[in-house]
Structures are given as structure tokens and as C-alpha cells.
Amino acid sequence: MKSIKDLEAIRQRTLEEVNLRNDRHGIRVVVGMGTCGISAGARPVMMEFVEEIKRRGVQDAMVTQTGCIGVCRLEPMVEVYMPGQEKVTYVLMTPEKVARVVGEHLINGNPVTEYTIGAAE
Amino acid sequence: MRELSLHILDLAQNSLTAGASRLDILVAIDHGRDEIVITLSDNGKGMTPDFVQRVVSPFTTTRTTRKVGLGIPMFKANAELTGGSFAIESEPGLGTTLKAVFVLSSIDRPPLGDLAATMISLVVSNPAFHFHLDYSVDGTSFVFDTKEIMGVLDGVPLDTPEVVSWMGEYLKEGMEALHGGA
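Protein chains in written order, with this note's numbering: chain A, 23 to 143; chain B, 242 to 423.
Worth flagging that the hints you see were computed from the coordinates, not collected in a lab. One or more of the hints may lead you astray.
[What the hints assert, rightly or not] In silico negatives: residues of chain B with every beta carbon more than 10 Å from chain A:
| # | residue |
| --- | --- |
| 1 | 250 |
| 2 | 275 |
| 3 | 293 |
| 4 | 311 |
| 5 | 317 |
| 6 | 318 |
| 7 | 345 |
| 8 | 405 |
[Stated by the list, open to error] In silico DSBU-like pairs for lysine-lysine, Cα to Cα no more than 30 Å straight-line:
| # | chain 1 | residue 1 | chain 2 | residue 2 |
| --- | --- | --- | --- | --- |
| 9 | B | 413 | A | 76 |
| 10 | A | 119 | B | 413 |
| 11 | A | 76 | A | 24 |
| 12 | B | 388 | A | 76 |
| 13 | A | 119 | A | 76 |
| 14 | A | 76 | A | 109 |
Note that CB positions come from ideal geometry on N, CA and C, so glycine has one too.
Construct the complete structure from the given sequences, taking the supplied hints into account.
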């Protein structure tokens, strides 16, 4: 059974890592979570990004949410901001597509073109 | 929305947009009364009485990308479909409270769904925000409070991967325990 007391140990273990994260150069994964995004399945997509980023040990990425991005029929949509690169918008995302985006784009720096809004439109 | 917990995720966005710093989410399951009551209460900027009247219409929204807003109307419709009810109280400058009652045994009641995933999505996106969840089954509560967690973590952000995993399991275990599951 998990208890609040576990957090003390986590705090001690992660404090060093957190200091490293503070100078993270900032990959941002932004999931569209308006009413449209959520009803199209944005929540499992976001949870999968959180899991996969942890699994692959990507240190400098944050996952966050925004409201309606504006093209509701292509939800779930995810915007990826890599430092020094243009924003990439992924559309019709599913949890199954997340591993490739994390591996090829977040880690190796190559956007998965076939999942982007450019390929869908 | 296929799950009540997805409505909660959706409606929480309204509180964040309204500049709130704290959101209380109450989910009370009561088998004796045959109902689930979901209450969302924030300390955001609130709404004028006139806007409260209009906000249940799908053609009212504050967003700028289009002219419809379906979050509150769908929540209300779902509650009423089960034979339950919906109410909003709001005070400009003080905050807003939404309360929906769903009839537990109604065939039209969506499942609660993955409330832990809803909480994790909210916390990961807003690691400095004060979320307070009170989940109760027949009067016994499980409480998840991000301010309490931040206090113990003392500077380690809530979106640290190890903390996120802990919160996910803590939420799941805490809520399952109330259902008599071993």
C-alpha cells in the first residue's frame, strides 16, 4: 500500500536529478485537451507520452496540455516543440503512435512525417 | 464523453482558464441513495448571474477558435438523462461550483472510468496547481491533495517521472480500497 511517507524517500532519490532537470533545454509535448480532444481520446495519448518518456529516460522533456487547438476533426492533436526546431503538429494521435514519436522525434530529432498535419491535409 | 472522469478532466480546464489556484473535486458514490454526486469547486474569477444563465447553452463559450462550447451542456445533459440533476453557483471574484447528480443504477449513466488518469493528466500539466480530490463510497473517503504532496516533496516538482508513477499507484490503490477490493 502506497503512503505519503514514500514521498520522503522519492524526494531524496530525485533531488539530484531535479537539479539536472532545472537546466533542461526544454522539449515540450503539448496535448490538445479541449472538449473535442478529450472526447477523441487525448487522455490515453497523454498518459502514454508520460509513460514512454519515463521508459526511455528522456530527461529534458515536459508533457503539458492546452485547450482546443482549432482543428477538432483531427483530434487528438499533439504539438512537439524541440529546441532550435520548428513546431511539429501531430494529428489523429493514438497511444500506439506515441512510441515512434518519442523514439524518432524526441530522442533522435527526426519528426515522424506521416503522422503530421502536413501528411493528413 | 464516454466516462464521467473525462467530463471532470474537461471541466477542470474551465477552472484553469478562469485563473483559479485551487480546484476541489468531490466524487461521492452513495449506494443507499442510488447516486453519484460530482462537485467541482474552484476559486477562479467566477461568472456573472447573466453568464451563468447562458453558460448551459452550447452556443456560449469564452474560447475564440469557434462559437460553440459543449463541456457544461454535455455534463448537464448526461446527468439529466439518468434522472439526476445539475446546478451551478458562481460569484464573480470568488469562484464557481458545479454540481451534478447521476442516478447510479440508470442504464444511461456513463461509467466513472479512469479517474486516476484524469488526476494524473491534470497534475502533470499543472504541477504547481492545488488540486484536492475527495472520493468517497458510502461515506468513507479517500483524499488526494497536491498541496500536501508538494509539502512533503519540498521542491521536487510533481511532474518528476518517479513522483508521477507514485501518484498513479497511490490514487488507484486508494480508490480501489473503498470498493472492498483486496
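Structure-based check of each hint:
no.	hint	result
1	250	violated, 6 Å
2	275	holds, 27 Å
3	293	holds, 19 Å
4	311	violated, 5 Å
5	317	holds, 13 Å
6	318	holds, 13 Å
7	345	holds, 23 Å
8	405	violated, 6 Å
9	B/413 - A/76	holds, 19 Å
10	A/119 - B/413	holds, 26 Å
11	A/76 - A/24	holds, 20 Å
12	B/388 - A/76	holds, 24 Å
13	A/119 - A/76	holds, 16 Å
14	A/76 - A/109	holds, 22 Å
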